[in-house]
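If you're matching them up, the sequences are chains R and S in order.
So for the first sequence, the numbering used here puts the first residue at 1; every next one is plus one.
So for the second sequence, the numbering used here puts the first residue at 1; every next one is plus one.
FYI, nobody ran anything at the bench for these hints, they're computed from the structure.
All C-beta atoms, glycine included, are put in the ideal place defined by N, C-alpha and C.
Some hints here could point you the wrong way.
Between beta-carbon pairs, the in silico distance windows are [claimed, not checked]:
#1 S:K273 <-> R:I29: 46 to 56 Å
#2 R:V239 <-> S:Y447: 31 to 41 Å
#3 S:N15 <-> R:R333: 40 to 50 Å
#4 S:Y447 <-> R:L137: 29 to 39 Å
#5 R:R338 <-> S:Q38: 47 to 57 Å
#6 R:Y113 <-> S:L464: 42 to 52 Å
#7 R:Q118 <-> S:R446: 32 to 42 Å
#8 S:R446 <-> R:P136: 51 to 61 Å
Chain residues, written in single-letter form:
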Amino acid sequence: MEFSRSGAPHLPPENTVSKVMLQVILALIPGILAMVWFFGVGVLIQIALSILFAVLLEWAMLKLRGKPIRPFLSDYSAVVTAILFALCIPPLAPWWISLVGMIAAIVVAKHLYGGLGQNIFNPAMVAYVVVLIAFPLELTRWLAPRGLIDVELLPGLLQSLQTIISGLPANLSWDAITQATPLDLLKDGVEQNQMISEIRQAPVFGNYGGRGWEWIANFFALGGIWLIWRRVISWHIPVAIIASVIMITLPAWLYDPSSNPIPLQHIFSGALVLCAFFIATDPVTGCASRRGKIIFGLGVAILTLTIRLWGGYPDGVAFAVLLMNMFAPLIDRYTRPRAYGKPR
Amino acid sequence: MDHSSIENIGKHLHNFPGGLKLKHYKALSCSKPLPAQQLPLSQEYIIPVSQHLGRPAEIIVSPGQQVKKGQPLSVPGNASSTPGAYVHAPTSGEIVAIEQRPVPHPSGLNSTCIILRADGKDDWIELEPVTDYRQLSRQQLIQRVQMAGIVGLGGAVFPTDIKLQGGAGSIDTLILNGAECEPYISCDETLMKQDPEKIIQGALILSQVLNIKRVLVAIEDPMDACYQKLQTSIKTLGAADCIKVVRVPMLYPEGGERQLIQVLSGTEVPAGKLPVSMGILVLNVATAAAIKDAIIDGKPLIERLVTVTGAGICEPQNVVARIGTPIADLISFCGGYTPGIASLVMGGPLMGIGLQSDSLPIIKASNCILALTHADISSPQVEMPCINCGDCVGVCPAGLLPQTLQMVIRAENFEALEELNLDACIECGCCDYICPSHIPLVDYFRYGKSEQRVRTVERKQSDLAKLRFDRREKRLAKQQTERRARHLKRKQALAGSSDKKDSVAAAIARAKARKQALTTTPRDSDSNTDSGEQS
Ligand code: SF4
Ligand code: SF4
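Okay, chain R solo, but in the shape it has when bound:
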């Protein structure tokens, strides 16, 4: 009997890129549901819009570059990028924000750098930074979380759709439904020399981080831990980021709790948890070796805190990730494991 010769290994592969990406998407669901609970269906609409734009643009770019469409579209990497981006923008941001974002992510950050696996910068973060710089006003319009405004004021599906497509309906005003985020308040407060305890009087603060935000972070962490357990991501980056944030902020808080927020506050506000588990762990733009991953995480933590404390933006996660993306190849170079039998 004749056979076609197959190459080793003769085992079904343990993993595929699309399996990895699908599990990442699955792991995001608890956090997404928490966001919907606190901020309304706008979150889902943003996700849907971004995915739509991302897939269309991915398709167009593959076509233009003469690449096979099916395997690359079904790797779901564009979908993950789209979701991560959508989770970073205000739930009622106008539709063209996600269009601009996805052009930046898929066309510029991904395909102009050579497509999947070749990009240097995290596409979702490139997209976020582009819209943050280009449309600062739209990007600050975060809704007040459930519990802080009257439930009737929380926009429903139709209202959300309408707002995203054609702007806020006449019977609503941005002032009534939006609120500064905890990180904004913290930054302003510290700049005005307020005590942390004073700043934390504001109703947006919860037990550790921002109200609502801390729950969302919990649910993202849950998904992230599941990913670690499934070995989709390794523990190194998330642990490095969170441990570094604690270790850096702990001494300051111990020294002077009145002007330095408790470490947990840093972790549970903004996009830090989302970043630690889902954004900084993007393999393409991160480090490959274990030691490299730890250094990468440490770098993200330091840069995030630096930007939060002294930079012009309340949350530095996106900038921190992009900066570390630049260093990733260098870190990988200097954290090369020692090959078997070679001198130590």
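On the provided structure of chain R, position chain S with the ligands as indicated by the hints.
Coordinates of chain S with the ligands only, in the frame set by chain R:
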């Protein structure tokens, strides 16, 4: 190599980096005892003459000749720089042809095979058993190993006599490798269960050959039955003071020579060196058993245990098969293929070779014939770009960066491979298996290694050429100065007597002409000067 870790070898176990925990599928083939009846004689045996690592053998039979079972068919050739091994007739019969046939080899190319038609009598040549091998000298023992055509049966097929010869006096530990770590393969486990005494006897012979007091038999942790059986044989043979059985945790590629040494001793074999340099020799347990057969019974290596397994086989089991048996005969002995059969592999699922046909023969390296169904191999995967996930880095037991290597090879930047230590890659396939992008990493590495070899040869050649060129330049310069000196001397001598002026002028003219010839036709001058130097 510091001596203390060798002293403590096997006492504590150590870890090696990376590795894979794989589903092992061993029960499939080794839950049953060996079949009671022998594999029936095949009609025709296909015996490749180079089944070992090294130079091809010299064929000493010709078509039409009758041979007996165990008669040598080919002997190692004369070039003493490369190893070679004897090949013997697996049964009695007639040599019908010597021709090129496809053989199990990664290249898929043909190779010279001796075709033997069995006469059904299965007549042995006269064997020369020895009653007390202890009377034999070291050289005699090694010679018997060589004449029996014994090669490493773990799959590396390096001629064993050369390993033993090379280890003369410098070895102090022998490791018998029974840690069969690749999924599906269970022939060593079966051997240890069925014939533990053979292995221990082989070990005792080897300890005499090597003049050592320490033999470790490494088996995998879950092999309880083997452990008991080996221990019992060690006791009955009174070898407890020099042979120890060590259980190592089950982790692929634990059974790799270098990984096993690392696990047992905590030290690595230095790059570019062999385990012998640390005083360690590693042989497969099946090789030890074959050595017992060769020394005590005088039987050459003409059969081996083969695991026939996989979901594509009706009755998976371990079978004693003669070298040269067409694989198809083995398959039908095991009940034939199941309907889903999709591919045939020699060896395990991680390092095995895909076979193009079951008409290929069993060779000395065939530890396993693996028949896989469509479900086992799944549809051919599209190769995606590397996403730098680092999974391959995490599983590599050699501490390499497969993703970087892959990139460098793709870019044909072969110079960078040395710095990235491609030579340390043992082609275990861990990275390849784990890669979510299904990049055929090991294929890239084999290609990279062969390119590296080509480059080394080229570099050597160009270095040699440069050396020759430099030497010749020097020689020419030296000659010129000598000639000038001679010339000067003669001129001074002649300065007194002017009557010989004519002949001097003629001589000068001759010398000038020669000098011209030297500079214009360097090739000729090269040979001239060579002879000139000698005179
Ligand atoms: S095949 Fe080579 S590079 Fe890949 S895991 Fe094995 S030793 Fe490492
Ligand atoms: S496992 Fe594959 S995709 Fe991941 S880094 Fe290695 S080569 Fe790249």
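Checked hints:
Hint check: K273 of chain S to I29 of chain R, Cβ distance near 53 Å, so the stated range 46 to 56 Å holds. Between V239 of chain R and Y447 of chain S, the C-beta spacing of about 38 Å keeps the proposed range 31 to 41 Å intact. At roughly 26 Å, the beta carbons of N15 of chain S and R333 of chain R sit outside the given window of 40 to 50 Å. For the pair Y447 of chain S and L137 of chain R, the supplied restraint of 29 to 39 Å is violated, since their beta-carbon distance comes to about 56 Å.
Distance hint check: the CB atoms of R338 of chain R and Q38 of chain S are about 51 Å apart, consistent with the given range 47 to 57 Å. With their beta carbons about 45 Å apart, Y113 of chain R and L464 of chain S fall inside the hinted range of 42 to 52 Å. A hinted range of 32 to 42 Å for the beta carbons of Q118 of chain R and R446 of chain S is inconsistent with their spacing of about 25 Å. Between R446 of chain S and P136 of chain R the CB atoms are about 55 Å apart, so this pair conforms to the stated range of 51 to 61 Å.
Hint compliance for this structure: hints 3, 4 and 7 are not met, and every other hint is.
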